[in-house]
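Protein sequences appear in the order of chains L and U.
Take the first sequence: its letters are residues 1 to 267, numbered as in my numbering.
Take the second sequence: its letters are residues 268 to 618, numbered as in my numbering.
By construction, these hints were calculated from the structure, which means they are not laboratory data.
There are no misleading hints in this set.
Just so you have them, the derived chain L footprint on chain U, three or more residues with Cβ under 8 angstroms: (1) 365–374; (2) 455–465; (3) 550–562.
Listed below are several chain U residues computed to face chain L (Cβ distance under 7 angstroms; list not exhaustive): (4) Leu345; (5) Leu348; (6) Leu545; (7) Glu547.
A quick note: this is a predicted structure, and the numbers were derived from the prediction, not measured.
Ideal Cβ positions, reconstructed from N, Cα and C, are used throughout, including at glycine.
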Amino acid sequence: MTALLAKRRHPMAALMVMAVALAGLAGLYALVSPSSQASTTTATSTQIEEGKELFLVGCSSCHGVNAEGVVREDGTVLGPTLIGVGAAAVDFQVATGRMPMARNDIQAPRKTVAYTEEQTAALAAFVASLAPGPAIPEAEQYDPALGDISRGGELFRTNCAQCHNTTGQGGALTLGKYAPKLTGVAPEHIYAAMLTGPQSMPVFGDGVLTSEDKRDIISYLKNVESEPNPGGLGVGRIGPVSEGLWVWLIGLGVLIGAAAWLGARSS
Amino acid sequence: MTTHSSEVEPVGQGGDPLPDPGMPPHTPRLTDSDPKAAKRAERQVSVMFGIATLGSIGFVAAYLAFPLIEGDLDRLQLSNLLLGLTLGASLFLIGLGAIQWAKKLMPDVEMVQERHPLESSKEDAQAAIAAFEAGTEESGFGRRTLIRNSLLGALALLPLPIVFILGDMGPLNPNPAKVRASTIWAKGTRVVNDVTFEPIRPEDMEVGQLVNALPATYEEIPEEQGAERLTARAFASVILIRMELDEFVIEPGREDWHIDGILCYSKICTHVGCPISLYEQQTHNMLCPCHQSTFALADNGKVVFGPARRPLPQLALEVDAEGYLAAQGDFPQPVGPSYWERAKFENGERI
Numbered sequence: 001m002t003a004l005l006a007k008r009r010h011p012m013a014a015l016m017v018m019a020v021a022l023a024g025l026a027g028l029y030a031l032v033s034p035s036s037q038a039s040t041t042t043a044t045s046t047q048i049e050e051g052k053e054l055f056l057v058g059c060s061s062c063h064g065v066n067a068e069g070v071v072r073e074d075g076t077v078l079g080p081t082l083i084g085v086g087a088a089a090v091d092f093q094v095a096t097g098r099m100p101m102a103r104n105d106i107q108a109p110r111k112t113v114a115y116t117e118e119q120t121a122a123l124a125a126f127v128a129s130l131a132p133g134p135a136i137p138e139a140e141q142y143d144p145a146l147g148d149i150s151r152g153g154e155l156f157r158t159n160c161a162q163c164h165n166t167t168g169q170g171g172a173l174t175l176g177k178y179a180p181k182l183t184g185v186a187p188e189h190i191y192a193a194m195l196t197g198p199q200s201m202p203v204f205g206d207g208v209l210t211s212e213d214k215r216d217i218i219s220y221l222k223n224v225e226s227e228p229n230p231g232g233l234g235v236g237r238i239g240p241v242s243e244g245l246w247v248w249l250i251g252l253g254v255l256i257g258a259a260a261w262l263g264a265r266s267s
Numbered sequence: 268m269t270t271h272s273s274e275v276e277p278v279g280q281g282g283d284p285l286p287d288p289g290m291p292p293h294t295p296r297l298t299d300s301d302p303k304a305a306k307r308a309e310r311q312v313s314v315m316f317g318i319a320t321l322g323s324i325g326f327v328a329a330y331l332a333f334p335l336i337e338g339d340l341d342r343l344q345l346s347n348l349l350l351g352l353t354l355g356a357s358l359f360l361i362g363l364g365a366i367q368w369a370k371k372l373m374p375d376v377e378m379v380q381e382r383h384p385l386e387s388s389k390e391d392a393q394a395a396i397a398a399f400e401a402g403t404e405e406s407g408f409g410r411r412t413l414i415r416n417s418l419l420g421a422l423a424l425l426p427l428p429i430v431f432i433l434g435d436m437g438p439l440n441p442n443p444a445k446v447r448a449s450t451i452w453a454k455g456t457r458v459v460n461d462v463t464f465e466p467i468r469p470e471d472m473e474v475g476q477l478v479n480a481l482p483a484t485y486e487e488i489p490e491e492q493g494a495e496r497l498t499a500r501a502f503a504s505v506i507l508i509r510m511e512l513d514e515f516v517i518e519p520g521r522e523d524w525h526i527d528g529i530l531c532y533s534k535i536c537t538h539v540g541c542p543i544s545l546y547e548q549q550t551h552n553m554l555c556p557c558h559q560s561t562f563a564l565a566d567n568g569k570v571v572f573g574p575a576r577r578p579l580p581q582l583a584l585e586v587d588a589e590g591y592l593a594a595q596g597d598f599p600q601p602v603g604p605s606y607w608e609r610a611k612f613e614n615g616e617r618i
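Bound conformation, chain U alone:
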């Protein structure tokens, strides 16, 4: 350190190793020396201001020529476009013209602005310290120990509410995951087509078919209970697919979950809960458009790519007495994204 610093010769004033380069040489602009260039710049600026004027007139013209018509969205779009373009052009070109004017034609003089240290003067600093000390003395903070200690106590306990309110997300909450541990699927709930609510027979399903489906009980939730309906839908949405029997593998314990190759999976991505049904018929992969998690539906919904860490939950299917597809029960694990206690739930029960 010392050997190195001794090698460097202090140059410039006050031991500054880098000399002050001073002002760069003044280079005259083309518009300073060539009257033709100056004339050209003048024309440019006036053309910009001229277009800005036309923009303002155009705005008024567009406003009058294309009045909004009740219920006509095309007219609204057209009006928006024209008003935005004309007003935008007007404002932008006034600014642009002013800058061009300043850069090309206004006096071109370099000026030096001195910079000073940011530190306050000694007197100012001492005055501030004196004022602070006087304030402490007058408030009696050091003298009135009862006030001081009770204030310290109040401040010390202030984080407690935060601990408790954040604790709700963790172990302090008595039963944080009850809502999400189960869906409205139950034994015998029919699988119905989303939108049309038609029940589905196994023979309606062709190989390669994809159906976006819901539990039939969803429709029975009254319209007035909007939040309940939405929550039910958000967790119970499923897809039905059908593949050839030799195209998929079955995990032990799931042998009777499919009906002749008809499989039912949750539609809710296990990463952050996007609804997914980007099913590729040939690869039997399902892609989530949000973060590209890819699930192999021919291999029990296992994750083959992306940030999801748990397979897509599968719903066990049966055929009811009237020959329609129905559920054998609820999902064995909670559907949707992970949360703290998720691993402690199985078949809707806390374990």
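One chain only, chain L, in its complex shape:
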């Protein structure tokens, strides 16, 4: 005790006291919290509990500790409620790296995935346990080999091409938002996006765009993606418009450069 008293003026003393106090609090929380958790989620599987723990650490700062959403004092939404969004929405957002967001921005871009497959499944199970919502699609619902490519193309051009371009190359929306490229996206995520309507995208629910329609659209997209590109430059794959732009800017630029060289004095 006297040894401790002697060191009370040590520069690290205050930090040590804080560390001990925090450890004490954590211990107290550990004593209290299991009982409260047990009382509310006794009947759920370990996956849901694991998901809840992951949720509290990684998601609750924006979506609220009970996934009820967080609205700032000025009325803007920090994170929307996740009650009722279903496992499909969680799987899409987390497994494509969109969630957790790097910062609160106008759009959550696709990026490196932060959670493992098991963790993603646990998070999805937790959110799905809150309220019924769209489930993660079955493999045969989105298998590109089973769909009708030509019908899918018609559906895609009517319902999706306005934002994503006729061949899924993406496009601009308002205020810096954009519709992302659809090349290189896993079929299950395309399906889940149509089902849940992430971010700016509207919902294309099964009531209006049936499961079969969605599979046809995925088949079309995968077919377009698999087409070879002999020149190595797709320029949006929308044909003469972008190709013409390329010719006018690059091709004509080269010719103007050649003309300038033609008129320059030789050294």
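Let chain L serve as the given structure and place chain U on it in line with the hints.
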């Protein structure tokens, strides 16, 4: 003016204020003085011509090696690319080599080309005037007044057909806007899914849903009447969206136009008529990709950005006896871009 001009001393010949700078000094090229540089330029030119030769041979090789196969678009693309590249390289490098040759190796001599006034000589001008006057005299334009006056009359009335044909666009046309004042939407016309033509129940629509839709009567127009079908589609295309009841405001008079938050808007932009369905679920804004007009669908389709000047027309919805979504009637105003008489139409009637 006079004081200023007197200050400027005329310099050079003929009072020209700027003296003739003469020819710039001749600077010899590197290839004139250095035989090594000349040799290098010679090699460059021959390499360009050599690549051009290879390009022509490559064209023939590509043509023979990759013949077109019926129905194989990939092969067509590949063939196009190779033929274009080889022939293009050949033509471009022949030209480039010729210029390099002329610039680096052909004699480098400056030459003067004299410029003369563009005005004709006095004699030429007088001859032209004389010829014109003789022509007038011989044609009798001044003497035969009947011909002259009838020609003037014909020319004076020539603009009349133009006035009338352009007048069709304006007030002279008896009923210019009949086609566009109404669409094929009518009381009880079901709203069906575009492409699949499935009717839609309100419970099929989730919050945040977007449906590209058409009137059910569109499908009944026979395929043979292609133009009619296309016109009907071009004006009657709509989108259906659903939002939470507290997310949108309703203009007075439109209280019963939505079904539990399901709203129906024209798909045709009011600026120049592009079909639009770039609907952002979170902001409830719809963007036109042509000129970035943005419509607030949560606020009666009002324009919030861009060149459009009129809100997007809204279609009043009802649920029919079998529980499917249907229209209460046609659009209250003409859909699509503005035109002269547009403001005079309401509920399809001229007012």
